[in-house]
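2 protein chains.
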Amino acid sequence: MEEVLNELQEWLRIASVSADPRAVDDVRRAAEFTAGMFERAGLEGVRLIEGDGHPLVYGEWMHAPGKPTLLCYGHYDVQPAEPLELWRTPPFEPTVIGENLYARGAADDKGLAIILIWAVRRYLAEGRPLPVNVRFLFEGEEESGGDHVSQFLRAAGGEFACDAALICDTEMFAPELPTICVGLRGIVYAELHIETGETDLHSGVYGGGVPNALEVAARVVASLKGATGKVLIAGFEDGLIPPTEEERESWAALPFDEHEYQRGEAKVFTLHGEPEYSLFERLWARPTMEIHGIAGGFTGEGAKTVIPCEAVVKMSCRLGPGMDPNRVGSLLSQAVAEVTPAGVKSSLRILHGAPASVVDPKNPFVREAASAMTEVFGSKTVYTRSGGSIPIVGLIEEVLRVPSVMMGFGLPDDNLHAPNEKVYLPNVYRGIEAVARYFERLGGL
Amino acid sequence: MEEVLNELQEWLRIASVSADPRAVDDVRRAAEFTAGMFERAGLEGVRLIEGDGHPLVYGEWMHAPGKPTLLCYGHYDVQPAEPLELWRTPPFEPTVIGENLYARGAADDKGLAIILIWAVRRYLAEGRPLPVNVRFLFEGEEESGGDHVSQFLRAAGGEFACDAALICDTEMFAPELPTICVGLRGIVYAELHIETGETDLHSGVYGGGVPNALEVAARVVASLKGATGKVLIAGFEDGLIPPTEEERESWAALPFDEHEYQRGEAKVFTLHGEPEYSLFERLWARPTMEIHGIAGGFTGEGAKTVIPCEAVVKMSCRLGPGMDPNRVGSLLSQAVAEVTPAGVKSSLRILHGAPASVVDPKNPFVREAASAMTEVFGSKTVYTRSGGSIPIVGLIEEVLRVPSVMMGFGLPDDNLHAPNEKVYLPNVYRGIEAVARYFERLGGL
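Quick mapping for you: the protein sequence lines, in order, are chains A and B. Start counting the first sequence at 1070; every next residue gets the next number (this note's numbering). Start counting the second sequence at 1070; every next residue gets the next number (this note's numbering).
Hints were generated in silico from the structure; no laboratory data involved. Accuracy of the hints is not assured; some may be wrong.
For chains that are exact copies, the list does not tell them apart, and a pair is met inside one copy or across any two.
As the list claims (entries may be wrong) - No more than 20 Å apart at the CA atoms, straight line, and that leaves these computed lysine to any residue pairs for SDA-like:
| no. | residue 1 | residue 2 |
| --- | --- | --- |
| 1 | Lys1431 | Thr1138 |
| 2 | Lys1336 | Leu1480 |
| 3 | Lys1431 | Pro1090 |
| 4 | Lys1414 | Asp1269 |
| 5 | Lys1136 | Glu1407 |
| 6 | Lys1431 | His1421 |
| 7 | Lys1299 | Pro1410 |
| 8 | Lys1373 | Asp1216 |
None of these values were measured; they are calculated from a predicted model.
Pulled out of the complex, with its shape left as it was, chain A reads as follows (with noise of 0.2 Å):
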């Protein structure tokens, strides 16, 4: 234990910000690192892998002839750490106090893929024989958004034969409550664009003589969705797959208190959406539409009085499974070109799109997971979707075709992305311990 807390504190060290361009050379050392951290694990042919962006970091262990082989998934980047002024320790100095490891990064994702990395090292460290092969796949983007890992994983991905990936990047639904995400919604992400002249005018000389470009938007918009959240498009629900009974009613049975969610994690005032649906399955299952910005005119200071000529919506759709994202991206398209004054120019343009990801816990990975997790968290593991998308995820399914098996060790108080970021220790110890667990009862299989 005091090992993989040297060795975790070391890493934690290193600010591997991979949005910051100042701190590429810290970012390449990180990479170093990680590849040491798989060659003292017992890991073979360990190397960097150059391209666009950051240092992939690859290793493996392929000698369980027979046995399933499984991509290990993590990320050696962070977020930034800003804003410092709200740190109670200095967020690259990796501090314990009680059970918590504060640093940036001791949760995303160092403290939860370190996991990975020490039950390989369990065995071969120990001259002990994997029950399984594997494949570790780190790399160095996943805060930035970066593309290094989906161009390799494209290029190689023939190369990259295997049964499942294990991802320890998410988190428990509560405290001691041993948890596997087991989907995740698909986005569209688009900006629409409104046109209504050439040059923004004056409200007094023009204003009822022609269009306003962000009051049609906001029209647009407002007939999008209805006010009670459902999306109004035509067709936008179809090849939907709901959730199943089952997995309604062990939602359901979580533990949770929405008054609690509403005011002390969201901090909103008030809970909204389809009323004909539970929270969760708005949150993990049902497709959404979010309006993230809307551009033009002027919003500065004081009292400009404009007619503005263009207006820009950064809006998104969440999708569910069974969603292609073409499909939504056209009828959106056509939704808004529908619903788009005569003499007023508008178009849609798509930034990107994914479909959901759904695995079936009963798939056998899944399974032996969560029998793994629920010996050592001695409680039985609960299965959650999560609303957004982890590009990975969908990435592994497209081109590997092999179902994440997302085994949850972070808490739901660890400060992602936020100042005083931490991570659980017994929970990294006892994440090690269930994923040796795991590895047993896959070569077991």
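Starting from the known structure of chain A, arrange chain B on it as the hints suggest.
Same frame as chain A, but now just chain B:
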């Protein structure tokens, strides 16, 4: 004529950009030059009036007992000249090309305000008495929204007895068509604040469970105004005094090409507005609501997936005659409160308000101005309105309780506030003639 042109060119060479703090010396030089012009014209008691911001310039001639007193208003400051690269001649080197004089301030307002000065100079400098009394008050903050003239008039207005104000800062409806502006719309400018919670949230994690402040803003905005342009707030138009049948007919008789207006002037793909009203009634006499900007969330490059917890809508209503800005502000606040969903906070902050101003064309001060212009320009003077507001007119009406006579000598293509501003010199000379004849007519009443 040569003397007028020389003095105007010298005035225009002073870059009196009131909004530019670095130009403060030039603005003062322009004030002093204005005072010199007043003195050369034979005005008495000429002085700079100091206060917050740039000085006012005052001068008077009050030796026509029993005759009306006119407050002659103009402004010696100009708009910034940027973007400089679009000027074909240097903005502060006045250049005559054909019958036009090009310079920043050529039409707004130096080239038109000089008409008032020379109309007086033609009498007093030649030793002839003026047929009326005049008080000249020129300001240096018209283009920068300064408060000096307002503070001064509110404080000293009682000493400023006059029968009408005369303003040369507007334009002819069309070349060779003498024009008096007899109406301005009022305004209520407001900021709508929508708040749904304490922090922006991730649209993957929370989408479907919480309200979106920008979506609420769009919905509120879309509910306040119908798709055809009518404001839907109950009681909004109470008190509105529509134009008379005679005014409507005179507007319909104006020489006007709607297609050219749409394509050439407004440069919009379509005109828009309440179909039951003519374009001029919509622009000049109908109340409106316009959205100027919607802040909140993310409008930068790329795809940030944020559910904004705050939105601010900059908006304003133009008011027709008879509508009370305070009442409209209250109705707007009330309407916003009514359409804000439960559990969402909204508030409306009124930034400023001003009522509409209309002058009866039958008022003798207006009628005689029209006759004087008709004599000089050789065609019948038309009465128009403006959809905007000229703050000094409202101020004069409120504080001095006299009508403003707006004799328009500018042209629609003078490029006010834009590169290559110019004045059509024959209008300056004919303007001096017309104002002199106006003095005669008022003196003979």
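Now for the hints, and whether the structure bears them out:
1. Taking CA atoms no more than 20 Å apart as the test, lysine 1431 paired with threonine 1138 passes inside one copy only; the shortest distance there is 19 Å, against 95 Å between copies.
2. Taking CA atoms no more than 20 Å apart as the test, lysine 1336 paired with leucine 1480 passes inside one copy only; the shortest distance there is 18 Å, against 57 Å between copies.
3. Taking the shortest alpha-carbon separations for lysine 1431 and proline 1090, neither the intra-copy value of 44 Å nor the inter-copy value of 72 Å comes in at or below 20 Å.
4. Only within a single protomer do lysine 1414 and aspartate 1269 lie at most 20 Å apart by alpha-carbon distance; the minimum there is 15 Å, versus 31 Å between protomers.
5. Within a single copy, lysine 1136 and glutamate 1407 get their C-alpha atoms no closer than 55 Å, and across copies no closer than 65 Å, so neither meets the 20 Å cut-off.
6. Within a single copy, lysine 1431 and histidine 1421 get their C-alpha atoms no closer than 31 Å, and across copies no closer than 64 Å, so neither meets the 20 Å cut-off.
7. Proximity of lysine 1299 to proline 1410 under the C-alpha cut-off of 20 Å is restricted to the inter-copy arrangement: shortest distance 15 Å between copies versus 23 Å within a copy.
8. Taking the closest pair of Cα atoms, lysine 1373 and aspartate 1216 come within 20 Å of each other only across two copies (17 Å); inside a single copy the shortest separation is 42 Å, beyond that limit.
Comparing the model with each numbered hint stated earlier shows that hints 3, 5 and 6 do not hold.
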